[in-house]
Amino acid sequence: MSSLESLRSLIDDALEIYSADKLAKPDYALYEAGACIEYKCLHYPVSKTYPPDPVDQSLLASAISWFVPRDRPNPPETILEPSVLTGTCWGFNGSEGQVAVRLSEPIVVTEVSIDHINSKIAHHITSSLKEFRVWGLKNITEVGVDLGTFTYQTDINRHVQTFQINNPTNQVFSHVVLQALSNYGYPYTCIYRFRVHGDRVTPENTLSISNNIPIISEKQLQEETL
Amino acid sequence: MSSLESLRSLIDDALEIYSADKLAKPDYALYEAGACIEYKCLHYPVSKTYPPDPVDQSLLASAISWFVPRDRPNPPETILEPSVLTGTCWGFNGSEGQVAVRLSEPIVVTEVSIDHINSKIAHHITSSLKEFRVWGLKNITEVGVDLGTFTYQTDINRHVQTFQINNPTNQVFSHVVLQALSNYGYPYTCIYRFRVHGDRVTPENTLSISNNIPIISEKQLQEETL
Amino acid sequence: MSSLESLRSLIDDALEIYSADKLAKPDYALYEAGACIEYKCLHYPVSKTYPPDPVDQSLLASAISWFVPRDRPNPPETILEPSVLTGTCWGFNGSEGQVAVRLSEPIVVTEVSIDHINSKIAHHITSSLKEFRVWGLKNITEVGVDLGTFTYQTDINRHVQTFQINNPTNQVFSHVVLQALSNYGYPYTCIYRFRVHGDRVTPENTLSISNNIPIISEKQLQEETL
Ligand SMILES: [K+]
Ligand SMILES: [K+]
Ligand SMILES: [K+]
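Protein chains in written order, with numbering that gives the first Met the number 0: chain A, 0 to 225; chain B, 0 to 225; chain C, 0 to 225.
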């Protein structure tokens, strides 16, 4: 292979990763894959969306509001969607807030990622998330396990940032909570995307996983899906 | 030009191709360009969408279903749309199925492409198309011409794969049929995108094309548009 | 850092720019950032959309037309949206037309950009904009300042083209008009995207800006927002 061919292949490999959601890692918090915002976590109620929705959320109101899309604030589900175009983010008032995510399937969580719009095109970069904590939960009633505190940086030229979480016991979690601790100074905070990466629970890796793995009973599952 | 400038230019050229639908080739099966799914092909009825749509397809039902988008299976038209985000695919039960496409204009077909989500981020890569056959048709009543059998590979790191078809007589086709022969083992098959490439019929190239070119009569056209 | 690492970093930098709207420059004509089409400019009425909309624009008609999306022509607002997929453009009859944009905030305009679909995948590349003039306005009643005449080229392999405008006095404009003067020969003209770049008005740069800066009165602002 010539040097030029090697170079083109290297570029094509980079583009292949780019087109694979920019990370080439499965995202278990992806809405389209079955994840959703969990509104029933006992200890982690979802922060109120900012600005408040001017339109009443009845079915008729929703139908009419399709024709005035810019007046509607984006719901929390926005952070589970891949788009990072300007404005496709979820906002909450102030710099502290939280949101719980039911993963598309219970996994051994190993990393999380935050996407924000690149600071070079952001109109209000100071609304970006700064410090945040991540919690892993086995059900919607427990406080869960603190998986670490991390900082999203707006001054490095990489808009997708991945953080290795601290989960030495390889516990399996069905839910993950993103808890914002600070932002870069704006009156409200905007989150474009939150991703959760990890290892699926298969018969093979279950054997090597510690005793901390929850045995999810039928009853628990029913409770969770209530 | 310096070596660094050459390199940047090479990268920009690759990005220009990437932004030109990743292939920089016109797609005559693109919905937005005027192509559509052909539901009236005598020999190639479109396979039933899987899972079956839970919602009755009346106008009212369609209106209401805008508010429960995840419960709706994607229609066959999805494969004529450029998005390859997770879930923007059309599914059918099992590993054998087919779909006919009316091209945006009759062309001399030279290649087809299949897009699937990259295996590194796919949640069920075994639902990918494996072997498939392509047919070229001049109208919706004929069996048409077998343009070859091909294999989409999930173990190479390229999610868009282009296949040169066998059309030595340079026939002009108005419709192309994609016939799935196998998948990678999943109970159903998902197709993200199907593209058809080729040469337009112009006064110039018509002269050099073989006698096999159909003379499409007004009557045939009317039959086709019925 | 090894040579391979340097190369990968160079590619990643290019991808970071690519994901930052391909230019890594804020766009003050972006709809999602608050810009909009200005229909009330005294001297620059917005050209009629081509083809004419077959559907009456009443609320009921709009609701129904969600189910026949292909039959609807794209409105002028389309040029303020980032998508450059085939067909996400605004058309007007002939080769001369114009559209006024209210920027997301008044700025010192320094550059404008035109996005068109790459000529290699365009089905009708001759519908592309060729020569155009740009005007800067401080309000919707004035003729404004001629910011230069430019040519979008379809024969260079770069689908986003940026043009430096001529604004030596650093005037601040709230509106920018795009005036099409010619196209590449098609019966109608299609514009995919129009962007406006520049410098924000801050207390700091206001001091160094010439005396030509308009003092926008409350009354003017009210008139503008009527
Ligand atoms: K998003
Ligand atoms: K698709
Ligand atoms: K557009």
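None of these hints come from the bench; they were simulated from the model. From a predicted model like this one, the values you see are computed outputs, not experimental measurements. Don't be surprised by glycine CBs; every beta carbon is placed ideally from N, CA and C. It is possible that part of the hints are untrue.
Unchecked claim - With beta-carbon atoms standing in for the labels, derived distance ranges:
id: 1; chain 1: B; residue 1: Gly93; chain 2: A; residue 2: Asp11; range: 30 to 38 Å
id: 2; chain 1: A; residue 1: Pro186; chain 2: B; residue 2: Lys39; range: 27 to 35 Å
id: 3; chain 1: A; residue 1: Pro51; chain 2: C; residue 2: Tyr38; range: 40 to 48 Å
id: 4; chain 1: B; residue 1: Asn92; chain 2: A; residue 2: Gly93; range: 33 to 41 Å
id: 5; chain 1: C; residue 1: Arg132; chain 2: A; residue 2: Arg7; range: 38 to 46 Å
id: 6; chain 1: C; residue 1: Asp52; chain 2: A; residue 2: Leu9; range: 44 to 52 Å
id: 7; chain 1: A; residue 1: Pro51; chain 2: B; residue 2: Leu3; range: 48 to 56 Å
id: 8; chain 1: A; residue 1: Glu141; chain 2: C; residue 2: Tyr38; range: 51 to 59 Å
id: 9; chain 1: B; residue 1: Asp11; chain 2: A; residue 2: Ser5; range: 13 to 21 Å
id: 10; chain 1: B; residue 1: Gly93; chain 2: A; residue 2: Leu180; range: 19 to 27 Å
id: 11; chain 1: C; residue 1: Gln160; chain 2: B; residue 2: Val142; range: 33 to 41 Å
id: 12; chain 1: C; residue 1: Thr148; chain 2: B; residue 2: Pro51; range: 29 to 37 Å
id: 13; chain 1: B; residue 1: Ala23; chain 2: C; residue 2: Asp52; range: 27 to 35 Å
Hints, one by one, checked against the model:
1. For Gly93 of chain B paired with Asp11 of chain A, a C-beta distance near 33 Å keeps the hint of 30 to 38 Å intact.
2. Pro186 of chain A and Lys39 of chain B have their C-beta atoms about 58 Å apart, which leaves the hinted 27 to 35 Å range violated.
3. In this structure the hint that Pro51 of chain A and Tyr38 of chain C lie 40 to 48 Å apart at CB is violated, the actual value being about 29 Å.
4. Distance hint check: the CB atoms of Asn92 of chain B and Gly93 of chain A are about 50 Å apart, inconsistent with the given range 33 to 41 Å.
5. For Arg132 of chain C and Arg7 of chain A, the hinted distance range of 38 to 46 Å is satisfied, since their beta carbons lie about 40 Å from each other.
6. The hinted window of 44 to 52 Å between Asp52 of chain C and Leu9 of chain A holds, with their beta carbons roughly 48 Å apart.
7. Look at Pro51 of chain A against Leu3 of chain B: about 51 Å separates their beta carbons, and that is inside 48 to 56 Å.
8. Checked against the hint of 51 to 59 Å, the C-beta distance between Glu141 of chain A and Tyr38 of chain C comes to roughly 55 Å, which is consistent with it.
9. Hint check: Asp11 of chain B to Ser5 of chain A, Cβ distance near 18 Å, so the stated range 13 to 21 Å holds.
10. Checked against the hint of 19 to 27 Å, the pair Gly93 of chain B and Leu180 of chain A fails, with Cβ atoms roughly 50 Å apart.
11. A hinted range of 33 to 41 Å for the beta carbons of Gln160 of chain C and Val142 of chain B is inconsistent with their spacing of about 48 Å.
12. Hint check: Thr148 of chain C to Pro51 of chain B, Cβ distance near 58 Å, so the stated range 29 to 37 Å is violated.
13. Restraint check, Ala23 of chain B to Asp52 of chain C: a C-beta distance of roughly 32 Å satisfies the suggested window 27 to 35 Å.
Figure legend: structure checked against the earlier numbered hints; hints not met, in rising order: 2, 3, 4, 10, 11, 12.
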